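**Q** Sequence lines, in order, name chains B and E.
Per our numbering, residue 1 is the first one in the first sequence, and the count goes up by one each step.
Per our numbering, residue 1 is the first one in the second sequence, and the count goes up by one each step.
What the hints contain is simulated information worked out from the structure, not anything from laboratory work.
In this text the structure is predicted, and so the values were computed from the model without any measurement.
By construction, the Cβ of each residue, glycine as well, lies at the ideal position given by its N, Cα and C atoms.
Wrong hints could be hidden among the right ones.
[Claimed, not checked] So the derived label-pair ranges between C-beta atoms look like this:
| hint | chain 1 | residue 1 | chain 2 | residue 2 | range |
| --- | --- | --- | --- | --- | --- |
| 1 | B | K171 | E | Y215 | 50 to 56 Å |
| 2 | E | K237 | B | S32 | 33 to 39 Å |
| 3 | E | I144 | B | Y15 | 47 to 53 Å |
| 4 | B | K196 | E | K96 | 15 to 21 Å |
| 5 | E | I144 | B | K171 | 54 to 60 Å |
| 6 | B | V156 | E | N245 | 21 to 27 Å |
| 7 | B | D109 | E | N58 | 54 to 60 Å |
| 8 | E | Q158 | B | D58 | 43 to 49 Å |
| 9 | B | D58 | E | E13 | 21 to 27 Å |
| 10 | B | D109 | E | K237 | 16 to 22 Å |
| 11 | B | S32 | E | Q158 | 36 to 42 Å |
[Stated by the list, open to error] Result set (BS3-like, lysine-lysine): computed pairs, CA atoms no more than 25 Å apart in a straight line:
| hint | chain 1 | residue 1 | chain 2 | residue 2 |
| --- | --- | --- | --- | --- |
| 12 | B | K86 | E | K284 |
| 13 | B | K110 | E | K110 |
| 14 | E | K210 | B | K21 |
| 15 | E | K222 | E | K113 |
| 16 | B | K129 | B | K243 |
| 17 | E | K284 | E | K259 |
| 18 | E | K112 | E | K154 |
| 19 | E | K113 | B | K166 |
| 20 | B | K86 | E | K112 |
| 21 | B | K196 | E | K259 |
| 22 | E | K96 | E | K153 |
| 23 | B | K166 | B | K86 |
| 24 | E | K153 | E | K189 |
| 25 | B | K155 | B | K21 |
| 26 | B | K143 | B | K243 |
| 27 | E | K112 | B | K171 |
| 28 | B | K21 | B | K56 |
| 29 | E | K208 | E | K227 |
| 30 | B | K136 | B | K21 |
| 31 | E | K64 | B | K86 |
| 32 | B | K196 | E | K113 |
| 33 | B | K171 | E | K110 |
| 34 | B | K110 | B | K143 |
| 35 | E | K222 | B | K21 |
| 36 | E | K113 | E | K64 |
| 37 | E | K189 | E | K61 |
| 38 | E | K237 | B | K110 |
| 39 | E | K210 | E | K222 |
| 40 | B | K123 | B | K21 |
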Amino acid sequence: MQHREMFALLIHIYYPDSWEKIFREQLRNLQSFTPLIMINLCATNLANTDTIVNIKKDFPEAYIITTPNKGKDIGGKLALIDLFLKTNQSVEYMVILHDKVSPHSITGDKWRAKLFSIIDPGKINAIVKQFRNNSKTGIVGAKDFMRNEYDEEKKVLETSNSEKMKELISKYNLTVTNYTFVVGMMFWIRTEIIRKFFSAHSALACRELLEEGDSTDQYEGTYTHSWERIFCLLANDQHYTIKGI
Amino acid sequence: MFINKWLVTDSIEKKRIPGNATGLCLSIPGEVRDTNHLIRSIQTDISTTPFSILLSGNDFKEPKTNEALIEIIITIFFQPCYYMSDYHPVIFLSDKSATVSGFLEQLNEKAKKQGLRDILILEPASWKNTSNSFASFSYWITDITTDYTGLVKKWFEQNLRKSNFGEIHLLVPEKENPALAILDDLRKKEEAISGTEIYVMASVLYEKEKLIEEYRHKLLLKTISEKDMQIYLSVQKEERKTGLNWYYHEYEVLPRWYKQFGHVIKVIMGNRSFKSLFSDSVKKHKD
């Protein structure tokens with residue numbers, strides 16, 4: 001199945017060696033699909049100049065930006081969405097990725113490997129078919145990372161981010177009937193979902209609320225972690241479903 | 001470099017950058033008609049060329065909030081080659097007015113909300129207006145009468161006694177007929193004084209200050225990294241506590257005889273060696 005520039009890879013890179021260790025080989029494996037590549041490098045990396053040269057060597061047409069460390073990978077992805085929309089890209093699907101290293105967890109590498117299954121070349125055709133055969137599919141992500149924090153009995157969101165999530169849902173007038181989201185913020189999403197929402201609410205304006213530097217929602221909710229959930233709720237608000245693979 | 005030579009242009013599409021120029025200074029009008037074209041040109045045509053932007057007060061007639069232009073400029077700041085002075089985005093400003101100043105204040109606020117540092121606004125003076133010369137070390141160069149030696153000498157004198165000083169910026173409008181000749185003249189003049197004591201001392205002073213700024217920045221990053229490590233450690237501690245808690249409630253609370261019987265079951269299932277039931281020095285299970 002030919003997918004010339006049918007999908008865009010929006011990749012946020014925070015760690016200095018992530019391009020070499022994680023993405024270079026992965027993207028080479030996807031070259032036959034000729035995806036549009038957009039990469040955000042965190043501006044805290046002193047080696048960004050070299051990384052850009054290395055990226056351009058293999059992928060001279062890749063779009064590259066650098067942004068301050070705000071909102072972790074979510075902030076980086078919002079900046080990439082802003083770039084995507086400002087450059088009027090016409091691909092049907094976006095694949096949102098980042099270098100999930102999770103240094104605080106002993107299972108970080110395993111998480112990443114599972115999340116990255118969505119860019120396994122052997123699965124791309126099946127994923128695109130899922131979208132094509134079912135017009136209501138809005139997001140496709142790794143099955144093991146689907147989660148729903150809404151307690152149907154208590155009618156509450158069981159997460160430290162519940163208050164901030166409610167604030168954002170109200171701010172953006174979202175109607176949510178299903179709180180399922182993909183933990184880890186890596187998935188395929190129909191571009192029209194992104195285009196529709198972010199045409200009304202600028203991605204950069206959404207980014208303003210996010211916390212600077214690293215943050216954790218272990219004790220208290222954050223806008224950054226709330227947005228990890230909100231992204232998937234955008235699909236539900238527009239009457240799309242989320243599928244796991 | 002401590003002397004930057006900018007070719008001021010209103011278009012970067014397929015621009016051939018003269019070798020004598022440090023980079024391009026893109027003149028942005030009060031309204032950008034084709035954002036798509038502009039951003040794509042930056043990404044494809046000047047992806048490795050340092051560039052900055054120039055705003056003119058003449059393009060900002062009415063005091064109104066221009067959110068669209070603010071966002072475009074912030075997107076431009078995110079381009080890897082956008083020129084930063086000590087990690088502050090630089091904007092050149094001509095024909096300052098109250099309206100454009102208001103716009104720049106709004107832009108600065110929005111930029112800071114994106115995590116950027118305060119914008120450094122530089123107002124180039126006319127080289128010929130000697131009463132303003134050497135004030136901010138940003139100049140319009142429109143002919144080949146630049147006193148290079150005097151410029152470097154004054155910069156050195158003013159900066160010898162202070163720290164955190166800026167660079168010299170020479171802006172050459174592309175529309176000036178001898179723009180390339182001017183840039184060539186600047187290059188020759190710089191070459192001519194590059195071996196002089198004043199130039200060498202100014203370069204060394206500049207490089208020293210840059211090194212200090214770099215170390216300050218690295219120290220800041222290390223501080224942030226240390227703070228992140230503390231967060232990770234606290235997460236790990238919490239996860240371990242949760243794990244131990246679960247273990248206690250699932251296993252530790254069981255009676256001793258039940259746990260001992262469980263070990264016998266493990267031996268029967270092959271998950272533990274028989275001898276390890278009687279000796280602690282024998283290996284309990286396979287790796």
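**Q** All hints, please: hold or fail.
**A** So, going through the hints one by one against the coordinates:
Taking 50 to 56 Å as the suggested C-beta distance range, the pair B/K171 and E/Y215 does not conform, at roughly 42 Å. A C-beta distance of roughly 46 Å is found between E/K237 and B/S32, which places it outside the suggested range of 33 to 39 Å. For E/I144 and B/Y15, the hinted distance range of 47 to 53 Å is satisfied, since their beta carbons lie about 49 Å from each other. Separated by about 41 Å at the C-beta atoms, B/K196 and E/K96 break the suggested range of 15 to 21 Å.
Our hint of 54 to 60 Å for E/I144 and B/K171 holds, since their Cβ atoms are close to 58 Å apart. Range check, B/V156 to E/N245: about 23 Å between beta-carbon atoms, so the 21 to 27 Å window is met. Between B/D109 and E/N58 the Cβ separation comes to about 57 Å, which falls inside the hinted range of 54 to 60 Å. In this structure the supplied range 43 to 49 Å holds for E/Q158 paired with B/D58, their Cβ-Cβ distance being about 46 Å.
Between B/D58 and E/E13 the Cβ separation comes to about 26 Å, which falls inside the hinted range of 21 to 27 Å. In this structure the hint that B/D109 and E/K237 lie 16 to 22 Å apart at CB holds, the actual value being about 21 Å. Separated by about 59 Å at the C-beta atoms, B/S32 and E/Q158 break the suggested range of 36 to 42 Å. At most 25 Å may separate the alpha-carbon atoms for a hinted pair to count; B/K86 and E/K284 exceed this at roughly 62 Å.
For the hint pairing B/K110 with E/K110, the CA-to-CA distance comes to about 38 Å; that exceeds 25 Å, so the pair is violated. A distance of roughly 31 Å separates the Cα atoms of E/K210 and B/K21; the hinted pair therefore is violated under the 25 Å criterion. A distance of roughly 22 Å separates the Cα atoms of E/K222 and E/K113; the hinted pair therefore holds under the 25 Å criterion. For the suggested pair B/K129 and B/K243, the alpha carbons sit about 12 Å apart, so the restraint of at most 25 Å is met.
Our distance criterion of 25 Å between C-alpha atoms is met by E/K284 and E/K259, whose separation comes to about 15 Å. Between E/K112 and E/K154 the CA atoms are separated by roughly 33 Å; this puts the pair beyond 25 Å, and the hint is violated. At most 25 Å may separate the alpha-carbon atoms for a hinted pair to count; E/K113 and B/K166 meet this at roughly 22 Å. Between B/K86 and E/K112 the alpha-carbon distance is near 21 Å, which keeps this suggested pair within the 25 Å criterion.
Simply put, B/K196 and E/K259 have alpha-carbon atoms about 59 Å apart, too far for the 25 Å limit, and the pair is violated. Annotation: proposed proximity of E/K96 to E/K153 is violated, straight-line Cα distance about 28 Å (limit 25 Å). Pair hint B/K166 plus B/K86 does not hold up; C-alpha atoms about 29 Å apart against a cutoff of 25 Å. Restraint check for E/K153 and E/K189: the C-alpha separation of about 14 Å stays at or below 25 Å, so the hint holds.
As the CA atoms of B/K155 and B/K21 are separated by approximately 43 Å, the hinted pair breaks the 25 Å bound. The hinted pair formed by B/K143 and B/K243 meets the criterion: a straight-line CA distance of about 8 Å does not exceed 25 Å. As the CA atoms of E/K112 and B/K171 are separated by approximately 22 Å, the hinted pair is consistent with the 25 Å bound. Among the hinted pairs, B/K21 with B/K56 is consistent with the structure: their alpha-carbon atoms are about 16 Å apart, no more than 25 Å.
About 29 Å separates the Cα atoms of E/K208 and E/K227, which puts this hinted pair outside 25 Å; it is violated. The hinted pair formed by B/K136 and B/K21 fails the criterion: a straight-line CA distance of about 36 Å is larger than 25 Å. The hinted pair formed by E/K64 and B/K86 meets the criterion: a straight-line CA distance of about 22 Å does not exceed 25 Å. Among the hinted pairs, B/K196 with E/K113 is consistent with the structure: their alpha-carbon atoms are about 24 Å apart, no more than 25 Å.
Our distance criterion of 25 Å between C-alpha atoms is met by B/K171 and E/K110, whose separation comes to about 19 Å. Among the hinted pairs, B/K110 with B/K143 is consistent with the structure: their alpha-carbon atoms are about 14 Å apart, no more than 25 Å. At roughly 22 Å between alpha-carbon atoms, E/K222 and B/K21 fall within 25 Å of each other, so this suggested pair holds. As the CA atoms of E/K113 and E/K64 are separated by approximately 20 Å, the hinted pair is consistent with the 25 Å bound.
The hinted pair formed by E/K189 and E/K61 fails the criterion: a straight-line CA distance of about 39 Å is larger than 25 Å. Taking the CA atoms of E/K237 and B/K110, the gap is near 20 Å; set against the 25 Å cutoff, the hint holds. Under the criterion of a C-alpha separation no larger than 25 Å, the hint pairing E/K210 with E/K222 is consistent with the structure, at around 18 Å. A C-alpha spacing of about 22 Å is found between B/K123 and B/K21, which places the hinted pair at or below 25 Å, so the restraint holds.
Against the hints set out earlier in the document, violations occur for numbers 1, 2, 4, 11, 12, 13, 14, 18, 21, 22, 23, 25, 29, 30 and 37.
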